[in-house]
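**Q** The chain contents come next:
2 protein chains.
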Amino acid sequence: MLPKEVLERAASEMLDANGAGQSVMEMSHRSADFLPIIEKTERLLREILAIPDNYRVLFLQGGAMLQFAMVPINLAGAAGKLSGGGRKTAAYVDTGVWASKAIDEAKKYVNVRVAASSKDKNYSYIPAAPAPETDDAYYYICYNNTIFGTTWKNIPETGKTPLVSDISSCIASEALDISRFGLLFAGAQKNLGPAGCAVVIIRDDLVGAAPEWTPSMLRYDIYVKEKSLFNTPPCYCIYIMGLVLEWLRDLGGLTVMAERNRSKAALLYDCLDASRLFHSPVEKSCRSLMNVTFVFNEVDGEKRAALEKRFLSEAAAEGLVNLAGHRLVGGLRASIYNAMPREGVEALVSFIERFEKNTLRA
Amino acid sequence: MLPKEVLERAASEMLDANGAGQSVMEMSHRSADFLPIIEKTERLLREILAIPDNYRVLFLQGGAMLQFAMVPINLAGAAGKLSGGGRKTAAYVDTGVWASKAIDEAKKYVNVRVAASSKDKNYSYIPAAPAPETDDAYYYICYNNTIFGTTWKNIPETGKTPLVSDISSCIASEALDISRFGLLFAGAQKNLGPAGCAVVIIRDDLVGAAPEWTPSMLRYDIYVKEKSLFNTPPCYCIYIMGLVLEWLRDLGGLTVMAERNRSKAALLYDCLDASRLFHSPVEKSCRSLMNVTFVFNEVDGEKRAALEKRFLSEAAAEGLVNLAGHRLVGGLRASIYNAMPREGVEALVSFIERFEKNTLRA
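Chains as they are written, first to last, in our numbering: chain F, 802 to 1163; chain W, 802 to 1163.
No lab work stands behind these hints: they were computed from the structure.
Computed from a predicted model, the values in this text were never measured in an experiment.
Ideal Cβ positions, reconstructed from N, Cα and C, are used throughout, including at glycine.
Be aware that a few hints might be false.
[Stated by the list, open to error] Below 30 Å or equal to it, Euclidean Cα-Cα: the simulated BS3-like pairs (lysine-lysine) are:
#, chain 1, residue 1, chain 2, residue 2
1, F, K1028, W, K902
2, W, K889, F, K882
3, W, K920, F, K902
4, F, K920, W, K1026
5, F, K1104, F, K922
6, W, K908, W, K841
7, F, K841, W, K805
8, W, K902, W, K954
9, W, K908, F, K1028
10, F, K805, W, K805
11, W, K920, W, K1085
12, F, K1110, W, K1028
13, F, K920, F, K889
14, W, K889, W, K902
15, W, K908, F, K1026
16, W, K841, F, K805
17, W, K1028, W, K902
[Unchecked claim] Partial pick of chain W residues on the chain F-facing surface, computed with a CB cut under 7 Å:
#, residue
18, A811
19, G820
20, S824
21, M826
22, E827
23, L867
24, Q990
25, A996
26, G997
27, P1016
28, N1032
29, T1033
Here chain F stands alone, though its shape is the one from the complex (with noise of 0.2 Å):
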């Protein structure tokens, strides 16, 4: 989702982008028209990230999925299997399906040690985060799990060893104290703009230990010696992104967009802590404020799933969509990021409660 009147004003500037005469697709990514678009979204992610000035921040394309390989190739690689080396380690902490997939592709490359693991109760917590060992060339957690609807509350203390993050699903929701990261991460496109772009905050000392094989496109030195403008970069996507980041700052930044989703996310949560017909299965202390799971009471796997599917099937009706938990573990799921206005959260706290009213009096 993003915010309407971001889509108004890329619609007013499709054919004159900024009086260039031109559409920002059809801008070189190195005229003198696009430069000051993807400088422009850099300021304003540094202003309303707080991000550091040891940091590069890095527009890179493949999404999340390419920084899971990204990632061991470049903090690991060197001293990893492919190098003849093994002699390293990088610690995972697996919080469900996105943090195990970044598993499964650091295996290629480096030796994954799993620090901790909620898979014991279906990643419905964040488990407490055992300091790095000596071998350890990174420490992973993945910040926010839209899947399960966990997230991190607390940064792990890591020491020396930098904490990477994959901060997809949460980048720009509240605040974050970049200077504990090593490295983060974000695919576009839940809070900052379409798909097709990610965003790679790395801290200066991190950059350049990438082995000789790695491809080109995935150096993390290569984005930084040429601003992101190694080859051409999804130009359109980083002009949404400045003018998301813009729609951001202007309605007050970090601290009004935290509160807004503490005080949607409350509502919602509220809701289901007072339901007799769902519950949501994630702990208290774990709770993310982007994504929400639910799930029926009901313990009959086929009772449930008339229910599901009627839930969801009244809830289209009311023009309520994408509830369906992820096609990989099932349940209800509302995904309520930024652009996601109070209201619908009220829409939908409002029909879950007759949903409930009607059901149990049936």
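Guided by the hints, dock chain W onto chain F, whose structure is given.
**A** For chain W alone, coordinates are given in the frame of chain F:
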């Protein structure tokens, strides 16, 4: 450059595409709203380019640059350097900057054999292509060389050795016999749409030999298996590509487009061949229809630089922009891709003729 009709339609559908009540930028990539869009884009591409049924069409990120790595990794990586192999070679024809970049990238993964090169005459022609050798895993050419303004006019005969070609800057400009190739790829940003999406056309039997250390996002077999939806694809770029292809189909497909392109290019080459001030540095038999390079006859470097500067500034004053040669080679260059109307080329020819008259008179 994109067709005006395409940009107008994109603007009008920005807030509500195909009656979905949302922007394509907001659609989930596995949703019932987006699937018809990617399917339509593939169908139109197959129809317009006459892609045989035994070829898969893939939509990826990372542009041609990422293909420079994906081709050797996927087609020769299992027998290549990082897999402890080194038996296989790959033949490359060096026709300039983009072919050279592909060669440099391939060297990381396979023993590159430069089968032919036109470097001796500053890449002003396409060399004869010698037959492949037994150990060649594939045979690579860059079909249209944007920077030097050359193009292959005949597809080399490579027998059973798969022919691979970068067609980024000539895709959909005229008919090409796909069945002569094993793999074709193109960044979308020249003739198909906005930057941020690449198209790969791969023959079935070439899918699937990637070594186990290949990053998932670099494996053709995964894109084939997941129909380009393994991770979130660049949805909006794929949508715009679909609109461009509709425009191309409606105006008569490649037959009409090729005729337009030949006629546009002839206008410009005829003007240059008749000129006493400029000339085309490219051999007549290898001239690109998409990128027309030209240089001043003046041999004194300083005088030539001054002429070029004046040319570019007077042209810009008439709204004729992007005429500087590529930053790596200098000179002048007119890129006349599919979306450039004949009137644009006529205006340029008129300007060149007036510039010449004024300069020779002075």
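**Q** Confirm or reject each hint.
**A** Verification of the hints:
1. F:K1028 <-> W:K902: 19 Å, holds
2. W:K889 <-> F:K882: Status holds; Cα separation ~22 Å.
3. W:K920 <-> F:K902: Violated, because 45 Å separates the two Cα atoms, which is more than 30 Å.
4. F:K920 <-> W:K1026: Roughly 28 Å between the alpha carbons, so the hint for F:K920 and W:K1026 holds.
5. F:K1104 <-> F:K922: 23 Å, holds
6. W:K908 <-> W:K841: This hinted pair is violated, its Cα atoms lying about 37 Å apart.
7. F:K841 <-> W:K805: 27 Å, holds
8. W:K902 <-> W:K954: 22 Å, holds
9. W:K908 <-> F:K1028: 25 Å, holds
10. F:K805 <-> W:K805: Holds. F:K805 to W:K805 sits at ~24 Å (cutoff 30 Å).
11. W:K920 <-> W:K1085: Holds, at roughly 17 Å.
12. F:K1110 <-> W:K1028: 27 Å, holds
13. F:K920 <-> F:K889: 25 Å, holds
14. W:K889 <-> W:K902: Roughly 20 Å between the alpha carbons, so the hint for W:K889 and W:K902 holds.
15. W:K908 <-> F:K1026: With Cα atoms ~22 Å apart, W:K908 and F:K1026 stay inside 30 Å; holds.
16. W:K841 <-> F:K805: 27 Å, holds
17. W:K1028 <-> W:K902: 29 Å, holds
18. A811: With a closest approach of 6 Å, the W:A811 hint holds.
19. G820: For W:G820, the interface hint is violated, since the closest Cβ of chain F sits about 14 Å away, which is over 7 Å.
20. S824: 5 Å, holds
21. M826: 4 Å, holds
22. E827: Constraint on W:E827 satisfied, holds at 5 Å.
23. L867: 5 Å, holds
24. Q990: Holds, about 6 Å.
25. A996: 4 Å, holds
26. G997: 3 Å, holds
27. P1016: At about 4 Å, which falls below the 7 Å cut-off, the nearest Cβ of chain F leaves the hint on W:P1016 intact, so it holds.
28. N1032: 4 Å, holds
29. T1033: Cβ of W:T1033 sits 4 Å from chain F, so the hint holds.
Violated hints for the displayed structure, listed by number in ascending order: 3, 6 and 19.
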